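A.B. asks: Chain by chain, the residues:
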Amino acid sequence: MLEVTGVTVRFGGLMAVRDVSLSAPLGTVTGLIGPNGAGKTTLFNVITGLGAPTSGRVSLDGVDITRLAPHKRARLGLSRTFQALQLFGTLTVAENIALAARRKGTAEKPHECAARLLEFLGIGHLADTHAHNVPTGQARLVELGRALATAPKLVLLDEPASGQDPDETEHFKGLLRQIAADGVGVLLVEHDIPLVMGVCSQIHVLDFGQLIARGTPEEIRRDERVIAAYLGTEEVDTTEAAAP
Amino acid sequence: MDTFLSLTVSGLATAAIYAVAASGLVLTYTTTGTFNFAHGAIGMISAFLYWQLRFDWGWPTPVALVAVLLVAGPLFGMGLERVVMRRLEGTSEITRLVVTIALLLGLLGLSVFIWDPGVGRPMRNFFAGNVVEVGGIRIPWHQFVALAVAAAVAVGLRILLYRTRSGVAMRASVDNRTLAALNGARPERSAMLAWAIGCSLAALSGILIAPTLTLSAIPLTLLIINAYGAAVFGRLKSLPMTFVGALVLGLLNDYAIGYLTELPDDLEPYFRGFVAAIPAILLFVVLLVMPASRLGGVTRSREISVKPGWGGSLGLAAAVVIGTAMITPLLRTSDLVSIGRVWGLAIIGVSMVPLIGLCGQLSLCQLTFAAWGAIAYAHLQWDNPLALGWAALVAGAVGALVALPALRLKGIYVALATAAFAVLCDRWLFQFPPFSIGSHEFDLFQNGTLEVVRPRLPGVDFSGPKAYFLFASIVFALALLAVVAVRRSTFGERLIAIKEGPAAVATCGIDVNAAKVAVFALSAAIAGVGGAVLSGAEPANNSTFDFVAGLPVLMVMVIGGVASVGSAIATGIFLGSPLMSRIFPGFERWQNILVGFSGVGLGKNPNGFTADLRRPSTLVKRDPVVLVGMLVALLALWGMRTAELFTNGPYVVASLAVLLAAPIVAGRRAATAAPVTEAEETREAVDAARLAGAVDGRLSAPPELLGLTAPFQDTDVAVLDEVIDLVEIHDGGRGDRVRI
Amino acid sequence: MTPLLELRDVHAAYDAIEVLHGIDLAVDRGEVLAVLGPNGAGKTTLLRVVSGELVPTRGDLLVGGRRLNGAAMSDLARAGLCTIPEGRGVFPNLTVQENLWMMTHRGLSRRDVEEAAFGYFPRLQERQSQLAGTLSGGEQQMLAVARAVSTRPALLLLDELSMGLAPIIVGELFAAVGRLAAEGVAILVVEQFADAALALADHAVVIAQGRIAASGTPTEIKEALRSTYLGADTPA
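Residue numbers (my numbering), protein chains in the order written: chain H, 33 to 276; chain Y, 936 to 1675; chain Z, 16 to 251.
Don't read these hints as lab results, they were simulated from the structure. All values reported here derive from a predicted model rather than from experimental measurement. Check before you lean on any hint, since a few could be wrong.
Said to hold, decoys possible - Facing chain Y, a subset of chain Z residues (Cβ under 10 Å, in silico):
1) 82
2) 117
3) 189
Stated by the list, open to error - In silico DSS-like cross-links for lysine-lysine, where the CA-CA straight-line distance does not exceed 25 Å:
4) Y:1556 to Y:1242
5) Y:1242 to H:141
6) H:141 to H:104
7) H:185 to H:205
8) H:136 to H:185
9) H:104 to Y:1345
Note that beta-carbon positions come from the ideal geometry of N, C-alpha and C, so glycine has one too.
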């Protein structure tokens, strides 16, 4: 289980994330949503070690990883994808994935790992394509594959469905369910709310760097603060909000 | 006390000149995002121009000053912005830095071309001979001039940037270029103004500093590089802090000059070069101390390196050795003197491939690594080829040492730190007199030239000039194969990953720092071997390996394609052999100009020329008839030359003609044979893309039926271009099209 | 009558990735058009096309009936197009006064700009020599909007004006925008938070996945939105 406790991030005078605590259990998909600029990517950076929190604590399976270098967190089982794609363009898709494959404690060779994941993701035909030639929708899958190659306990996905067409998103939804069924935890930041509502068992809502709600998709759909955060700041008619 | 005071005053004057230079550098960097490595060279060439007008042609001082500072400088800056820099919009910071390094080299070449360095050019101080006595110390007027100029520059820049709309617009476009344009300001005009003022300030500092030295190109170019130390003090952003940096640097410099001579005699020689190295040391220290986050900068680039196959690489390595073996007997010993450097330089060139080409760390001290290798090799005095391993080991250790501070730096700061290291070694460490640690005596450059023992194996003696030339080619072939092996290994993939996905690579569980130290060590080790081989080929002294000598090597590599091993051969032949000057008499004088200005044109094709050569070589490789024909022709020519039917000149020209003709013939044959070859060319890419769904639905017909069932559409070309990575991008949204 | 701004089948792309797949819309003089839609739908891209930052790959951008594809941003700005981009549309390292000074590129005097800006937002006058980056979020957005009120543009583009602001400030800003609309300025408002924009708009469109998904009066659109944002079933 990933636990984030009281994390605050300040950039100069700006408080990008304010005292956020959340947890993401393994084997399920946990959603993290919120309007633009709510601090979701900042929080991801803190969790994966690409940014340091001003205060607070991050732990994975009870091990405090707040001060650990990113590659050490990855070796402990934490990996991620990026909103702005970060594929290694000169390398082929298979090489991208093999590069991230875990080498210790497994009999599987990196190229076997890549082949297995490519098949799982349904993009085996792209194996020898250079990553910079892969269109965005499928590049998202390659990044997912690269994250899975590290044999993670938990993957963080930063807007994985943006740039995907509806069919690809549907395929992606299935993949997420399967990954969770294999016992891997998923923490999902996504603007495609139907996707989030469809796959997450718990959803956290961030607004202005603060956690304003958490609950099941059904609870979130009815939460007034969430509706207010998304639709504006005027008062919301509660009877209307309760309607499906 | 008097000494202290007069040193303080002269230190302030030095500081003033540094401040003028550094403020110009900072102004262009903040406004345009381009770090102008050629800033010093622009100052240098302006000083020469001023000398020409004022002293050679005898123009009145004010007229000459106006002509240089208010006409030539700004015009040059504006032209530079318009012709070169504007086109580099959207390229990485590193690409732009490389272009300014090329400019430095070009200007250096140009100045040597116009003003023969063999001729002395006295340049008088302003108000020479006039001295004021204040409180018992004598202050020359020109020191006042420097101080007054710096004060005027400070006030002038302040007024410009805060009191005029153009200046406010310049600062605004630093904050947010797009927003400035949305306000109706014209950011291109701001950039042009910044370049104009920057060049003018460079010229001013050049003219101020030239009289304190003899007017000669390289010291002047490098002396203003000292200003980089001051500029980095202000984090390349803050002008007031830049002035503080200049103050520290100027005072340190003059106190050091004043007081180091008073050191005891046995210590003094070790500090002789120290003064000259102060700016480099300061630059290094400031880069180390500055908070890392401030030095950020995205270094993503669009350079692409193709994975070389074993077949082709072994073929290339074999061609190098066999070709050398065939040519060597034809050469006279005197030819070998001029051609001997080829393979040493090629090895140093190939050492750049993993570090700069794959990992994207722009090191400017590869020749310094080579120097440490050469020193280690010479001191071992062992005639076994394994002695090269010792050179590699020592240079590799130096490389790892340099990597440690470089770990926390990104982009241009790696370049600055490695440049500082190179200058530090050139000016100080390599000037050391002999010293001993314990009972062992060290004498780095043996007071001049390195004495190297050439290798010998049982039965094979490589010590003759011809045998050594062959030996060097074998070492190069091995280095080439080693680099190919690195590129093809997981380690090589990691290096590429560090360059292309700096954020992602750590989250894949890869230890970025360890990989960076390793690649620095590896690259330095190869460079060390290159240095050792070079020092065996010709008498090497510290100027063989100095910072400026390293720039052409870097530039030819970059022009050729710094990620491909093939360009190392080009580097060796181009810089190390008299080939070009045989074909074009007087080429030496043109070399730097040519290399420099080709580099300036580089922005459009950061992959280098070898990327363009790949197609012809593939054509030849795929056509066995042409390939065999080419080899037979080359062999025949060689046979005729060996039979002394003609001399080396015609032989070289005829061989080159064969090499050039082969791809042309192959291309013709491929075009007439069938469009199949053409299809094969793009097959891989199109297949992949079609499967990926990138092509489907966007072409007017399936790729294999394009143009058959219906006329070929413009959109089809666009789609295919995009798929095979000829993406068209819009330049700044202004409709100019750039092809990458 | 020709509309002030018209987009005809506009397609736009970042490198190879097409983001807008054929947008048609028109804004008349004095009309306020709200462009709504979820994140990543292409709203900001649309504004970037209109402001000249991005050249459409297909289709036409017409202002006052003239085709202006590919015109430079600064020329469009000088011709009377005012864009308040997403985020804080100010220069953080310039003072408030210097920020206002940047608004004089359309040929106004410093004095005119300051008078208009301080007239609308007296708070800015108190802070005129402060760096814009040290202002509160609301004050920064006021400073950004000051450009619109002081330069009297023909067409005003507003991108996510309310983002990250307290309701009371959003009210104040939209009041200023409303006054401009009443004076006949054509306005295009892009908002993720719909209510404030809809209150002001004469007409609204919803963009989803790079296409216009709905178009109608503010009341009609309000209903359609809830499903787009929160993923409930689309109302009949």
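A.B. asks: None of the hints should be skipped; say for each whether it holds.
C.D. replies: Here is how each hint holds up against the structure:
1. 82: violated (13 Å)
2. 117: holds (5 Å)
3. 189: violated (21 Å)
4. Y:1556 to Y:1242: Measuring from Cα to Cα gives roughly 17 Å; hence the hint holds.
5. Y:1242 to H:141: holds (21 Å)
6. H:141 to H:104: Between residue 141 (chain H) and residue 104 (chain H) the Cα gap is close to 21 Å, so the pair holds against 25 Å.
7. H:185 to H:205: Given that 25 Å is the threshold and the Cα spacing comes to 19 Å, the pair holds.
8. H:136 to H:185: holds (15 Å)
9. H:104 to Y:1345: Measuring from Cα to Cα gives roughly 21 Å; hence the hint holds.
Going down the numbered hints, you'll see the structure goes against 1 and 3, while the others check out.
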